[in-house]
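2 protein chains.
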Amino acid sequence: MEETSTESTGLKFVALGGLGEIGLNMAAFEYGDDIVIVDCGLMFPEPYMLGIDVVIPDIGYLIERADRIRAILLTHGHEDHIGALPYVLRDINPPIYGTALTLGFVKEKLKEFELDQKVDLRVVKPRDTVQLGSFEVEFIRVAHSIVDGCALALSCPEGVVIHTGDFKLDQTPVDGELTDLATFSRYGEKGVLALFADSTNIEREGYTLSERLVGDAFEEIFPACAGRVIVAAFSSNIHRVQQVVRAAEKSGRKVLLNGRSMIGNVQIARELGYLKIPDDILIDLKELPRLPKEQVCMITTGSQGEPRSSLIRIAMDDHKQIKLERGDTVILSSRFIPGNEKTISDLMNHLYRRGAEVIHEKVSEVHVSGHASQEELKLLHNLVKPRFFVPVHGEYRHLVKHSQLAQKVGTPEERCILAVNGDVILFAGDEACIVDQVSTGRVFVDGKGVGDVGNVVLKDRKHLSEDGMVVVIIGINQTTGEIIYGPDIVSRGFVFEDDSQEYLEEAKKVVLDTLALVTPEVMTDWNEVKLEVRRVLRRLFNKTLERRPVILPLVLEM
Amino acid sequence: MEETSTESTGLKFVALGGLGEIGLNMAAFEYGDDIVIVDCGLMFPEPYMLGIDVVIPDIGYLIERADRIRAILLTHGHEDHIGALPYVLRDINPPIYGTALTLGFVKEKLKEFELDQKVDLRVVKPRDTVQLGSFEVEFIRVAHSIVDGCALALSCPEGVVIHTGDFKLDQTPVDGELTDLATFSRYGEKGVLALFADSTNIEREGYTLSERLVGDAFEEIFPACAGRVIVAAFSSNIHRVQQVVRAAEKSGRKVLLNGRSMIGNVQIARELGYLKIPDDILIDLKELPRLPKEQVCMITTGSQGEPRSSLIRIAMDDHKQIKLERGDTVILSSRFIPGNEKTISDLMNHLYRRGAEVIHEKVSEVHVSGHASQEELKLLHNLVKPRFFVPVHGEYRHLVKHSQLAQKVGTPEERCILAVNGDVILFAGDEACIVDQVSTGRVFVDGKGVGDVGNVVLKDRKHLSEDGMVVVIIGINQTTGEIIYGPDIVSRGFVFEDDSQEYLEEAKKVVLDTLALVTPEVMTDWNEVKLEVRRVLRRLFNKTLERRPVILPLVLEM
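Each protein sequence line maps, in turn, to chains A and B.
Sequential numbering from 1 applies to the first sequence in the UniProt record's numbering.
Sequential numbering from 1 applies to the second sequence in the UniProt record's numbering.
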């Protein structure tokens with residue numbers, strides 16, 4: 001059923017991703033005939049999503065309403081806010097608004113997908129206003145762990161809503177660009193219908209530390225290192241890179257950039273003027289062996305112990321040009337992302353085996369978060385003074401906690417709306433509530449396949465991963481019903497075949513015994529025979545080995 | 001080659017597990033003809049060990065020397081110190097020494113494996129001394145997150161070595177049983193050849209908090225809860241259970257025990273007098289509905305979000321008797337074990353969806369560690385004043401860090417011996433060094449199979465988990481070389497077959513094209529044909545889908 005613009009008056013918010021999960025941030029605001037989209041992020045796969053590369057939001061809802069979409073507004077250039085664009089732009093292609101660095105990163109990403117020539121990227125600056133149908137949108141500077149981040153104020157006849165994107169306050173940001181509290185205040189004074197705010201750090205008390213403290217830590221650590229200094233950080237964290245470069249300069253070290261995305265992002269940020277690196281401080285791999293160790297600083301990706309990163313290869317002494325030595329120092333200047341603790345721990349152990357010392361966020365101030373903690377959120381709520389509050393960007397418990405915080409600073413419980421993905425909130429008159437659920441969800445990208453791997457395939461992969469697979473082949477004469485081949489058994493991931501010939505012979509015998517009970521006359525339904533073969537093998541494997549492999553009986557009629 | 005007792009004089013330490021890893025703790029001390037084993041622990045599988053249930057140490061070294069083994073000495077009853085016993089006791093069966101609770105837990109475990117009648121369990125008390133060939137062993141009381149833990153002093157003609165097991169200091173333990181610093185001091189004054197000490201918490205500064213603080217936290221939280229209180233903890237943490245019971249009593253709540261191991265361990269601890277629970281405070285599931293919510297406290301397992309635990313079923317509203325309600329409080333009174341953060345996070349989100357409030361170690365003092373932090377370790381080193389130091393119980397970086405700490409408190413670097421699994425340290429005269437490597441390692445237990453799943457099988461499981469499996473069946477007349485069946489393609493975990501019939505038909509065509517190029521005359525080597533079929537399919541799948549399934553071509557000659 002096609003929706004018409006007259007079916008409802010008021011402002012609608014449609015949660016397409018990021019409400020009840022970390023990542024996959026995407027939302028739509030609708031008024032009258034106009035839809036604007038805020039962000040278009042991906043999510044990295046959770047452990048149960050075996051073999052999946054990335055996860056993107058299901059935008060079926062938007063595709064059906066493509067003609068009404070006026071723009072995609074990007075708050076900042078992190079993957080969980082822009083990463084789904086290459087996939088989503090195949091189906092919808094509205095103009096994309098964002099600041100220079102955000103769109104610089106977007107463009108680079110679209111090049112990989114050969115989409116950069118086909119999109120309409122429109123650069124804005126903080127405090128710029130754009131008119132998009134019934135919406136007037138103002139971009140509001142916020143500090144975050146990437147430069148050039150913005151919150152959004154969307155004004156429409158129903159009122160003004162503010163969406164924070166990801167933010168923190170940071171009173172001493174590296175580039176001096178403060179979160180624009182004056183603009184938030186201005187809207188707050190005029191009256192804000194609803195606030196949609198970042199819930200990522202809602203479990204942290206107090207204030208998030210300033211990025212500048214990380215620079216101070218570097219400037220303390222670098223001169224004390226006798227050997228080389230290797231700093232691992234996210235390549236999008238341009239301020240972090242800037243601070244490494246400054247500390248390197250001050251301690252007389254040259255800088256080697258390592259990792260494809262580090263080199264790429266630094267180049268974009270330098271070209272756009274966000275990063276100041278004198279040319280003569282940069283060196284390349286060829287120059288590395290010529291420099292004394294105490295004059296070297298490397299900035300690299302791979303801080304999460306990613307299996308193919310060059311940092312893990314360096315740590316495992318498996319890198320051609322870079323060998324670690326006793327006295328070298330590795331600084332993991334990033335968060336231990338939940339789920340990655342084990343690979344990071346392995347990375348650290350390997351680094352110590354090479355004789356290096358490792359410094360990380362748990363022992364020194366070499367990383368700070370980019371998200372606001374409780375006191376910062378309270379301040380924002382008090383400035384914006386929204387009529388309604390909708391927590392976004394968080395798992396379910398984060399949304400609950402953020403809603404509790406909003407109540408503490410004065411938004412009554414009934415005006416805190418706990419929505420999850422798929423929920424549609426209608427703001428009309430003085431009321432707001434969840435009025436509808438639309439179909440959303442997680443679309444799995446596996447190689448070139450987008451959405452073709454679903455729960456059945458994942459369940460099979462899980463099953464295969466636990467006890468492997470056993471294939472049973474039986475060739476049957478289709479007229480006489482005689483067995484003319486097999487039974488033969490082949491397995492993978494079940495038992496080590498070289499050592500298990502006898503065991504598999506026993507399994508064949510059990511299959512033969514089963515087949516012997518099936519007279520040719522009753523052999524009309526081969527599916528029944530397959531099921532029976534699977535049953536007896538399942539029983540055998542369970543009894544003898546307590547294993548439950550995927551059993552695939554193939555009865556070939558010839 | 002059989003070793004004889006004359007090949008070396010001096011005391012040998014053989015690291016069989018736990019040096020360079022967390023868990024799998026097992027070591028052997030040898031003097032002359034006598035071997036004593038310290039602990040016999042398991043390890044829970046790491047993420048790459050797909051389908052593996054538990055990991056045990058390879059004891060090939062001990063099996064070859066079984067006649068010289070005088071005893072297994074157990075420091076305490078945690079799985080990473082006793083869990084491998086049921087497997088190891090199949091091959092060696094010396095007397096097992098431990099305190100009453102430790103052996104109580106061991107006995108329960110052996111019952112499951114029907115081994116409890118076949119072993120010689122010998123209960124000791126702290127400060128007891130036993131003579132084992134050339135070794136005199138004294139058990140030394142230590143505080144830990146399980147009651148009745150001990151360190152060991154092993155005296156032999158070469159000198160005295162002290163092995164701490166797992167310990168912390170805790171000046172106010174729940175049962176009043178302090179770590180026996182007097183005995184450590186006595187040995188320190190007489191002279192200690194070597195100290196082997198727990199490195200688990202070496203990355204933590206200061207002192208580990210007392211277990212008693214957790215009880216204080218419970219007594220503050222319980223009366224403030226309007227609904228039911230559910231405390232999730234490890235069932236072996238008897239003091240924790242005791243403190244929950246006390247807080248429940250004081251706040252007028254009855255106690256329901258939940259989870260098989262919780263019920264079992266509580267029973268053992270009560271029978272042995274380690275746990276005081278008045279009978280009238282315990283209730284069972286049937287009584288639950290009759291009690292007002294504010295009079296209920298439940299103690300349960302499942303704090304790590306284990307997939308089959310009843311706590312996760314309660315959280316997912318999938319438990320028959322126990323329904324959570326708004327106002328209930330769940331206390332996760334245990335560590336977030338590295339690697340489990342994601343399942344714990346999911347558990348918390350589900351609990352919030354049910355309307356419960358969740359309290360955990362990151363927001364309140366509802367858990368403390370059982371391992372000594374840096375200042376406690378320094379104190380121990382200063383009391384024991386060993387000539388040599390060997391860090392144990394830790395990943396590689398923990399061993400390095402502990403060695404650095406030992407140097408700070410006076411053991412010179414050359415007398416800190418950084419050994420890993422398999423290393424043999426010889427203490428002879430005034431010298432000590434690593435003299436040998438023996439074969440050790442991790443043996444995987446998968447169902448009833450012990451050691452039959454190795455790296456080949458795990459690699460297959462990993463491969464299967466990522467992109468599934470494709471089986472290609474081709475039947476060939478073995479005399480004419482004609483194709484008499486297929487090619488047929490069956491897959492699991494690769495693509496969703498219901499939606500992919502066309503795609504799989506295309507793959508069949510590619511196989512047919514390949515086979516067409518093979519004339520019957522050259523069809524002498526079917527292995528070559530199989531390889532070629534695998535090659536073309538691999539290319540096709542990679543090009544069209546960027547997926548790399550396990551491809552299993554079956555050429556059936558009939």
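Since the hints were derived computationally from the structure, they do not count as laboratory data.
Just to be clear, a hint being listed does not mean it is correct.
Result set (DSSO-like, lysine-lysine): computed pairs, CA atoms no more than 30 Å apart in a straight line [to be verified]:
hint: 1; chain 1: A; residue 1: K448; chain 2: B; residue 2: K342
hint: 2; chain 1: B; residue 1: K190; chain 2: B; residue 2: K378
hint: 3; chain 1: A; residue 1: K125; chain 2: A; residue 2: K293
hint: 4; chain 1: B; residue 1: K118; chain 2: A; residue 2: K543
hint: 5; chain 1: B; residue 1: K509; chain 2: A; residue 2: K362
hint: 6; chain 1: A; residue 1: K408; chain 2: A; residue 2: K462
hint: 7; chain 1: A; residue 1: K448; chain 2: B; residue 2: K459
hint: 8; chain 1: B; residue 1: K543; chain 2: A; residue 2: K543
hint: 9; chain 1: B; residue 1: K118; chain 2: A; residue 2: K508
hint: 10; chain 1: A; residue 1: K323; chain 2: B; residue 2: K408
hint: 11; chain 1: B; residue 1: K543; chain 2: A; residue 2: K448
hint: 12; chain 1: A; residue 1: K462; chain 2: B; residue 2: K320
hint: 13; chain 1: B; residue 1: K385; chain 2: A; residue 2: K408
hint: 14; chain 1: A; residue 1: K342; chain 2: A; residue 2: K508
hint: 15; chain 1: A; residue 1: K342; chain 2: B; residue 2: K462
hint: 16; chain 1: B; residue 1: K509; chain 2: A; residue 2: K448
Computed beta-carbon distance windows for the label pairs [what the hints assert, rightly or not]:
hint: 17; chain 1: A; residue 1: R122; chain 2: B; residue 2: P338; range: 43 to 49 Å
hint: 18; chain 1: A; residue 1: E546; chain 2: B; residue 2: L540; range: 34 to 40 Å
hint: 19; chain 1: A; residue 1: I337; chain 2: B; residue 2: K286; range: 41 to 47 Å
hint: 20; chain 1: B; residue 1: P338; chain 2: A; residue 2: E287; range: 35 to 41 Å
hint: 21; chain 1: B; residue 1: D525; chain 2: A; residue 2: K448; range: 29 to 35 Å
hint: 22; chain 1: B; residue 1: R354; chain 2: A; residue 2: M558; range: 55 to 61 Å
hint: 23; chain 1: B; residue 1: Y207; chain 2: A; residue 2: I281; range: 42 to 48 Å
hint: 24; chain 1: A; residue 1: P47; chain 2: B; residue 2: A182; range: 21 to 27 Å
hint: 25; chain 1: A; residue 1: P47; chain 2: B; residue 2: V490; range: 32 to 38 Å
hint: 26; chain 1: A; residue 1: G441; chain 2: B; residue 2: E365; range: 52 to 58 Å
Note that CB positions come from ideal geometry on N, CA and C, so glycine has one too.
Legend entry - Violated hints - listed by number, lowest first: 3, 5, 6, 8, 9, 13, 14, 24, 25, 26
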